[in-house]
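Student: Below are the chains, spelled out letter by letter.
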Amino acid sequence: MISLTDFMVVSAALFCIGLYMVITKRNAIQILIGIELILNAAILNLVAFGKYDKVNNSGQIFALFAIVLAAATTAVALAIILNVYRRYKTIDPNDINKLRD
Amino acid sequence: MSLVRVLFYFLSFIAIASALYAASSKNLVRSIFVFFVTLFALAGLYVLALADFVAVTQVVIYVGGILVLILFAFMLSGKETLNILQQQQEKLFSLKKLPALLLAGVFFIVLINVVLKADVDNLQWVKDAISFKNEITPNAVMIDNIGINLMTRYLLPFEAISILLLMALIGAAHLSRKEGKV
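Chains Z and F supply the protein sequences, listed in that same order.
At position 26 of the first sequence the residue is numbered 26 (the numbering used here), and the sequence of numbers has no breaks.
At position 74 of the second sequence the residue is numbered 74 (the numbering used here), and the sequence of numbers has no breaks.
Please note that the accuracy of each hint is not assured.
[As the list claims (entries may be wrong)] The calculated lysine to aspartate or glutamate pairs, modelled on DMTMM-like cross-linking and capped at a C-alpha distance of 25 Å, are: (1) F:K96 with Z:D92; (2) Z:K54 with F:D121; (3) F:K178 with Z:D92; (4) F:K117 with F:E135; (5) Z:K89 with F:D121; (6) Z:K54 with F:D52; (7) Z:K54 with F:D144; (8) F:K26 with Z:D95; (9) Z:K54 with Z:D6; (10) F:K97 with Z:D92; (11) F:K96 with Z:D95; (12) F:K127 with Z:D53.
Because the hints were derived from the structure by calculation, they are not lab data.
As the structure is a prediction and not an experimental result, all values here were calculated from the model.
Given these sequences and hints, build the entire structure.
Tutor: Here you go:
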């Protein structure tokens with residue numbers, strides 16, 4: 001079978017790609033995709049370790065919770081992005097420098 | 001090499017390659033659609049980690065929910081948004097991205113070092129789990145066990161997350177309403 005190390009290496013690669021997207025992208029939606037990649041890397045680790053917990057299933061259940069949390073995050077983040085676009089006419093995070101109106 | 005290993009390498013290659021493409025693509029829509037592929041490949045990896053229920057949930061919630069939400073928000077927000085988004089054409093490896101590339105690369109090396117040094121396959125509790133037959137085997141049916149655990153042992157986090165989801169959805173609906181109709 002596949003060892004835990006293999007899963008962790010794949011997850012590390014995905015995490016770093018997500019980190020790169022979050023840093024470099026000049027577009028809030030692509031930054032959101034980067035955050036989703038990082039979350040998925042974490043979920044992959046949870047699931048891989050959850051294989052060794054047959055009775056309590058902690059890994060798989062918290063992976064489910066993480067997926068639901070990602071859904072909630074995305075809904076709120078998209079609402080915020082739409083509002084920011086309405087106000088600033090751009091979604092480049094570099095140009096958004098005011099918290100008030 | 002067994003078939004499972006071949007499948008694992010295949011799926012992880014697809015996941016990482018499509019994630020790289022999504023990271024390097026200049027086109028936002030293409031990057032969103034390639035992210036679909038990444039999520040499907042990750043669902044396949046979850047199946048290989050013997051978590052079939054999580055894999056199905058991943059397909060239903062991520063691919064069916066989150067990505068469609070992103071696409072809708074993007075497509076419904078008017079033609080001028082699309083045009084503005086398309087204007088941000090940049091080269092892939094410009095000098096401005098070098099620090100980020102360096103950071104991500106060095107962080108990757110650090111993570112790989114940590115993973116290899118931690119030697120996770122020989123952890124004590126993992127060995128214990130294997131020796132006490134607490135390991136999920138490929139022919140085990142886990143879904144009923146997940147349901148029972150969700151309603152007994154993990155009932156409090158389950159309820160907390162349902163409240164949080166409700167709050168997030170009301171908040172999102174409140175944030176995205178039209179201005180001036182208050």
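Student: Could you run down the list of hints and mark each one as holding or not?
Tutor: Evaluated hints:
1. With a C-alpha separation of about 16 Å, the suggested pairing of F:K96 with Z:D92 holds against the 25 Å cut-off.
2. Simply put, Z:K54 and F:D121 have alpha-carbon atoms about 17 Å apart, close enough for the 25 Å limit, and the pair holds.
3. Restraint check for F:K178 and Z:D92: satisfied, since their Cα atoms lie roughly 22 Å apart, inside the 25 Å limit.
4. For the hint pairing F:K117 with F:E135, the CA-to-CA distance comes to about 23 Å; that is within 25 Å, so the pair holds.
5. Taken as a hint, the Z:K89 and F:D121 pair is broken in the structure, with Cα atoms around 51 Å apart against an allowance of 25 Å.
6. The straight-line distance between the Cα atoms of Z:K54 and F:D52 is roughly 13 Å, inside the 25 Å bound, and the hint therefore holds.
7. Taken as a hint, the Z:K54 and F:D144 pair is honoured in the structure, with Cα atoms around 12 Å apart against an allowance of 25 Å.
8. The straight-line distance between the Cα atoms of F:K26 and Z:D95 is roughly 19 Å, inside the 25 Å bound, and the hint therefore holds.
9. A C-alpha spacing of about 21 Å is found between Z:K54 and Z:D6, which places the hinted pair at or below 25 Å, so the restraint holds.
10. Restraint check for F:K97 and Z:D92: satisfied, since their Cα atoms lie roughly 16 Å apart, inside the 25 Å limit.
11. Our distance criterion of 25 Å between C-alpha atoms is met by F:K96 and Z:D95, whose separation comes to about 17 Å.
12. Our distance criterion of 25 Å between C-alpha atoms is met by F:K127 and Z:D53, whose separation comes to about 11 Å.
In the structure shown, a violation is registered for the earlier hint numbered 5 alone.
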